[in-house]
Amino acid sequence: MIQPFVRLAGLAAALPEENVDTDIIYPARFLLITARLGLGPYAFHDRRFHADGSEVADFVFNQPAWREAPILVAGANFGSGSSREQAVWALLGRGIRCVIAPSFGEIFQANCYRNGVLPITLPPAQVAALSAAAAEARVFEVDLEAQTVSVAGGASLPFAIDPERRRALLNGWDETATLLNAHGADIETFEGRHRRLQPWLFDAETDA
Amino acid sequence: MPQTLYEKLWNSHAVAELPGGETLLYIDRHLVHEVSSPQAFASLRDASRRLRRPGTHLAVADHAVPTRVRDGEIEDPLARAQVAELEDNARSFDVPYRSLDGDLQGIVHVIGPEQGYTLPGMTLVCGDSHTTTHGAFGALAFGIGASECGTVMAAQCLKQRRARTMRVDLVGQADPLVSAKDIALAVIARIGALGASGHAVEYAGPAVEAMSMAARMTLCNMTIEAGGRVGLVAPDEVTFAYLKGRPLAPKGALWDQAVAYWRGLRSDPDAVFDRVVTVDVSGLAPYVSWGTSPDEAAPITASIPDPATLGDDSARRHAEKALAYMALRPGTPLTDIPIQRVFIGSCTNGRIEDLRAAAAVAHGRQVAAGVRAIVVPGSTATKHQAEAEGLDAVFRAAGFEWRHAGCSMCVAMNDDRLAAGERCASTSNRNFEGRQGPGGRTHLMSPAMAAAAAVTGRLTDVRALMRTPAAGLVEEIR
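Chains A and B are the protein sequences, given in the same order. Here this note's numbering is used: the first residue of the first sequence is 1, the next is one more, and so on. Here this note's numbering is used: the first residue of the second sequence is 1, the next is one more, and so on.
Quick caveat, the hints were computed from the structure, so don't treat them as lab data. It is possible that some hints are incorrect.
Quick list of in silico lysine to aspartate or glutamate cross-link-like pairs, DMTMM-like style, CA-CA up to 25 Å [what the hints assert, rightly or not]:
hint	chain 1	residue 1	chain 2	residue 2
1	B	K244	A	D203
2	B	K321	B	E422
3	B	K8	B	D236
4	B	K251	B	D236
5	B	K8	B	D268
6	B	K8	B	E237
7	B	K8	A	E17
8	B	K244	B	D270
9	B	K251	A	D203
10	B	K321	A	E191
11	B	K8	A	D52
12	B	K8	B	D169
13	B	K321	A	E188
14	B	K251	A	D52
15	B	K321	A	E141
16	B	K321	A	D203
Use the sequences and the hints to build the structure in full.
Okay, here's the thing in structure tokens:
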């Protein structure tokens with residue numbers, strides 16, 4: 001079930017690099033695993049480990065301060081590429097509940113919302129400042145109710161979020177259930193109209 | 001008010017407008033594969049839900065399947081379990097399934113069009129980012145995550161935010177050896193890996209109208225590599241001719257009714273796009289990627305750029321990191337880069353037209369010493385068609401391996417993968433770090449260019465190669 005997101009405080013790991021795609025976050029060979037839970041060990045696997053299995057010492061998640069950081073401050077176009085939701089499940093498996101970046105791969109961003117992970121988009125200069133603060137191991141506080149990110153001893157930065165997405169995150173709502181409850185009748189009505197306009201989409205289904 | 005094609009497709013599928021500006025969008029079709037569906041089916045089971053319209057989904061195993069042998073059970077126990085789970089889910093939930101040993105198996109984005117499952121005017125989703133491919137038919141098609149797949153199964157709907165619109169006008173006439181892949185790479189190099197972010201892209205102009213459906217699919221397929229979730233081409237006579245008679249396309253009076261509807265699926269002449277980009281394809285050289293992001297690509301006639309000369313800081317940092325990963329030096333001519341592996345296939349370039357283009361280059365030539373080259377058809381039907389045309393014999397005679405259909409070395413989930421440090425000429429869509437295997441180095445290019453690299457052992461301008469007759473052909477002529 002989805003854990004509600006209200007407030008989150010803790011250290012943030014900084015990964016100030018553009019175009020960190022979902023192949024980097026979750027290498028494809030681990031996609032053979034069909035579970036959603038327990039994927040944390042594979043997050044950034046090929047950045048965290050050498051080919052012989054030893055740790056890459058200077059990678060941020062391998063440094064003692066950030067091993068359990070619940071927040072990630074990333075570069076532009078974070079989570080681009082493949083739609084694999086395993087990228088979000090692996091971050092979640094490491095306890096990461098919030099990613100802050102100048103921009104996101106769109107599918108990755110949608111996948112975050114569906115799993116109780118808050119993706120925050122801020123202007124590049126603000127992300128750069130947060131990245132520097134993260135590298136100094138300063139404590140972050142993310143408040144979804146107030147829609148702010150703040151760093152201990154620093155200013156509080158407001159962020160924007162779709163009000164519906166915010167409500168769903170605050171309550172840990174499952175989108176399918178919400179949608180079926182609220183729009184069951186709308187879907188019926190639409191299907192009637194749609195069938196009249198494009199009847200072939202109802203006639204030639206794949207099992208026909 | 002004049003509308004773009006995207007807006008027409010969007011409006012005709014809007015079930016409800018939601019507070020906050022999102023739309024509840026109706027989804028007509030959903031392609032299901034073994035990697036992104038297990039968790040979606042599990043979510044249905046957990047909530048005791050069923051599929052709203054089981055017959056609108058189509059399931060097939062493509063990502064994890066072996067391509068060396070198709071008979072008997074899959075050797076890798078994880079892949080075997082994953083495919084078995086898909087079969088079991090399809091059976092339990094009444095989803096039509098194309099079995100691995102059947103004639104209709106293949107990559108989701110190849111079999112959808114091939115079987116007439118993909119049609120203009122529909123919305124189509126799949127838990128795969130390259131779902132953009134189907135936009136070539138004037139369908140609103142986009143990739144989604146596994147949780148969203150579960151929602152589509154249960155509700156036949158998704159909450160989505162309307163994208164901004166972008167038109168890419170392709171003008172001029174391309175060299176016959178310059179393909180849609182080269183054009184796609186040139187467009188991405190120009191607008192950047194984030195260039196189409198937040199936008200639905202419509203490809204238009206004389207060079208698009210002149211393209212086959214296969215070429216249009218390649219173009220739309222690569223849209224996600226510029227950050228765009230939707231690529232579109234307005235349906236026309238080329239589209240209708242391709243679809244007519246396909247097994248799942250409408251028949252008889254319904255076909256006529258459908259075509260009449262589809263003819264209205266084009267942007268109104270005075271429709272306004274948020275952004276317009278024009279690219280002249282006349283004189284365009286074949287493109288290859290040199291870095292680890294698809295926008296790090298250049299004409300084959302160029303040299304590796306010096307990161308220091310790149311505009312902004314982040315592009316420079318990315319290029320420096322990319323060149324270190326790729327073990328390349330600024331100033332090296334692209335044609336001086338040796339390769340050890342060649343991959344021809346994928347949802348980008350695994351169609352019959354792609355195999356013909358590669359075979360035309362391979363014909364009468366030999367894969368260079370020290371190079372391993374594989375050809376992986378995008379679907380089993382494509383494989384059979386190629387065999388009927390004798391293309392498999394051309395490839396085999398030239399020293400290429402001829403494989404069974406699947407995603408193969410584009411995603412490297414099976415044993416088709418690069419070893420660390422190996423460099424590959426690949427017709428796939430992503431040159432990301434480790435994409436084709438940990439430590440593997442990918443150069444993206446067209447099928448003809450990949451075949452040219454295979455026979456010379458280095459990145460090669462296929463135009464120059466094809467001006468020199470192959471030794472084998474000279475023998476034949478004598």
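- Which earlier hints can't be squared with this structure? Violated: hints 7, 8, 10, 11, 13, 14, 15 and 16.
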